[in-house]
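Novice: If you want the building blocks of each chain, they are given just below.
Number of protein chains: 2
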Amino acid sequence: MMQTLSIRDRQRLNLAPLQVPDRLLLGPGPSNAHPAVLHAMSLSPVGHLDPAFLALMGEIQSLLRYVWQTENAVTFAISGTGTAAMEATIANSVEPGDGVLVGVAGYFGNRLVDMAGRYGGDVKTIAKPWGQVFSLEELRSALETHHPAILALVHAETSTGARQPMEGVGELCRQYGCLLLIDTVTSLGGVPIFLDEWGVDLAYSCSQKGLGCSPGASPFTMSDRALEKLAQRKTKVANWYLDVNLLGKYWGAEHTYHHTAPINLYYGLREALRLVAEEGLVACWQRHQTNVEYLWQQLAELGLSLHVEKEFRLPTLTTVCIPDGVDGKAIARQLLTEHNIEIGGGLGELAGKVWRVGLMGYNSKPESCDRLIAALKQVM
Amino acid sequence: MMQTLSIRDRQRLNLAPLQVPDRLLLGPGPSNAHPAVLHAMSLSPVGHLDPAFLALMGEIQSLLRYVWQTENAVTFAISGTGTAAMEATIANSVEPGDGVLVGVAGYFGNRLVDMAGRYGGDVKTIAKPWGQVFSLEELRSALETHHPAILALVHAETSTGARQPMEGVGELCRQYGCLLLIDTVTSLGGVPIFLDEWGVDLAYSCSQKGLGCSPGASPFTMSDRALEKLAQRKTKVANWYLDVNLLGKYWGAEHTYHHTAPINLYYGLREALRLVAEEGLVACWQRHQTNVEYLWQQLAELGLSLHVEKEFRLPTLTTVCIPDGVDGKAIARQLLTEHNIEIGGGLGELAGKVWRVGLMGYNSKPESCDRLIAALKQVM
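Line order of the protein sequences matches chains A and B.
For the first sequence, the working numbering gives the first residue as 202, with consecutive numbering after it.
For the second sequence, the working numbering gives the first residue as 202, with consecutive numbering after it.
Hints listed in this document are in silico derivations from the structure and should not be mistaken for laboratory results.
Treat the hints with care, since some could be wrong.
Note: identical chains are not told apart, hence a pair may lie in one copy or across any two.
Computed cross-link-like contacts, EDC-like style, restricted to lysine to aspartate or glutamate with a CA-CA straight-line distance of at most 16 Å [claimed, not checked]: (1) K430 / D444; (2) K578 / D223; (3) K578 / E494; (4) K566 / E539; (5) K437 / D315; (6) K329 / E296; (7) K435 / D251; (8) K530 / D251; (9) K566 / D425; (10) K329 / E510; (11) K554 / D315; (12) K554 / D223; (13) K566 / D210; (14) K511 / E568; (15) K566 / E398; (16) K554 / D525; (17) K511 / E494; (18) K435 / D299; (19) K329 / D397; (20) K325 / E429.
Just need the whole structure built from these sequences, with the hints factored in.
Specialist: Following this line, the structure appears as structure tokens:
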């Protein structure tokens with residue numbers, strides 16, 4: 202018929218229908234998605250400009266404002282995983298030559314440094330040992346030294362399990378005339394966040410942690426101050442897929458086609474957000490806190506110590522010190538293969554030193570903790 | 202407990218569980234996903250570094266090579282929709298100052314122009330009226346004039362329904378020392394493609410058309426010639442999320458963490474590719490051709506004419522001329538609201554002039570055509 206060339210079959214695998222192991226995901230994410238989310242993701246897709254889908258996008262926007270406690274008009278999902286939403290905040294705020302001050306106390310601080318550099322930022326850093334946080338005085342002093350256009354901080358460092366206090370940081374940023382950009386990947390839905398009260402100008406997150414969704418559609422928000430900076434750019438945003446000027450017209454009243462949204466993931470995200478709203482934000486935060494304290498207590502009873510000082514520990518993710526003489530990787534492998542439980546290893550400076558244990562979203566419940574502790578008792 | 206600030210409930214919607222209309226998607230995409238794909242997407246996620254998931258990623262890579270007929274080592278999915286995969290080809294091949302020649306005969310040619318400019322390309326275009334294609338002589342003459350580093354063409358123009366013949370273009374590109382980049386968003390799985398035979402160096406596609414998946418995980422491939430250019434860059438790839446140097450280490454033997462993959466979408470993509478392999482590529486192409494010819498015949502019997510000359514018509518997407526005096530938007534709206542059938546309108550130059558009718562992937566079957574024709578008879 203149509204082709205004269207012959208087909209090569211070397212890469213044509215002959216596979217059985219997909220089967221996947223049933224894991225309990227207690228690593229740094231993804232967590233198990235709520236069954237209602239998985240059901241929503243299996244519904245038949247509609248078009249990305251279907252009135253039913255545009256209504257769903259409106260629901261996502263409202264609910265994201267609720268979980269972030271912001272009234273930012275520009276609040277929507279990026280059609281990629283959390284890293285894409287991170288890049289969206291950088292791409293839309295950093296113009297070549299802009300001073301960007303990044304607080305680095307973990308892996309994701311370093312990622313922000315790399316990204317901001319790629320967009321032409323004049324990047325400076327303040328650093329702390331991994332697992333610690335910055336004081337207001339340290340931030341003030343760094344702002345005084347560098348006078349950046351943007352201060353970027355990680356609210357919840359997924360690599361260390363530390364929570365950066367945000368009270369007062371927004372006021373400092375206004376005093377020094379810079380925008381405040383924060384990473385809430387491992388905090389949204391599980392840790393108190395008050396974006397507007399805190400004076401945050403740009404924030405991003407993911408779907409597969411505190412929100413209990415599957416990964417792939419990632420929360421993004423931008424304040425009016427950040428939009429003003431965007432409006433004053435002399436150059437186009439150096440990223441087409443993540444350009445808020447274009448994305449805003451799809452999510453806004455015009456509903457102008459930009460890209461084909463990942464329809465079924467948006468179904469899942471809408472459902473995950475609906476469930477958080479149904480539970481109530483304070484109840485959801487409280488649940489994460491209660492369950493993680495139960496975990497900490499159980500770990501202490503096993504004689505395990507935690508990497509982060511209690512005051513700054515995340516309720517979503519705990520870094521557990523691997524005891525001397527224990528092969529951390531082997532234990533994690535045994536948990537996975539013998540008990541179907543995933544926990545994470547350390548990243549960067551903490552590689553080989555800690556396990557990372559997440560109790561996030563749907564998985565933040567006493568049963569998760571009990572299963573992990575029982576399994577740990579067997580493998581250690 | 203933990204927060205002293207009060208919660209604002211203004212954006213806390215009180216929603217019922219998600220329900221979506223059951224549409225037959227016969228627009229330019231998304232198409233309806235195969236039921237096996239939707240089932241796969243509802244399975245519980247595993248971790249992005251789980252051995253079971255890494256094995257699945259390997260399957261995706263092999264099967265993508267099969268459907269594209271390439272042996273490119275760098276062949277994988279981008280964790281975003283087709284536009285992100287488009288941007289990945291540009292971001293990894295264009296360095297500031299590189300000459301980029303783009304063939305523009307539709308909306309997506311223009312998108313390539315915009316994108317390549319954002320990455321600092323010195324962009325030149327050759328243009329044709331929307332719906333037409335370029336001859337080898339026209340391409341040769343443009344290469345002779347501009348001597349670009351990259352020639353970018355749209356194999357299947359989603360805005361016009363035209364198929365750009367690719368035979369001989371790769372030889373021309375070698376003669377003129379440039380890379381060949383092509384858009385196969387509306388061709389992969391539905392239209393014969395022989396990437397290696399054609400000498401294509403960079404290509405991208407999407408999941409929600411010929412492959413019968415849901416949108417959000419998008420095929421990407423890069424030849425050794427394109428990798429050589431990447432290795433010789435003087436600057437970092439100006440996009441962190443799409444940097445093949447980093448992505449290649451996640452998809453390659455190292456399996457180094459880069460981003461949290463959209464797990465459930467990759468489940469769906471693996472399943473969609475498995476089904477194409479099971480059917481066989483030639484059979485799949487033939488099915489698309491047979492069904493679209495049936496559609497063309499039915500449309501002709503309704504007295505409707507088609508925008509693209511038969512030789513260059515895509516089997517996946519047909520542009521139907523809206524008859525004089527007919528309100529195209531109203532007809533499409535009626536099809537959607539009264540018959541649950543989505544078709545697309547025209548974009549750009551063709552806005553108001555054509556409908557776009559897709560028969561792609563799972564939807565390429567006589568029943569789709571019959572339902573559409575029966576509904577058209579009622580609304581016109």
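Novice: Against the structure shown, which of the earlier numbered hints fail to hold, in ascending order?
Specialist: As far as the earlier hints go, 2, 3, 4, 6, 7, 9, 11, 12, 13, 14, 15, 19, 20 are violated by this structure, in ascending order.
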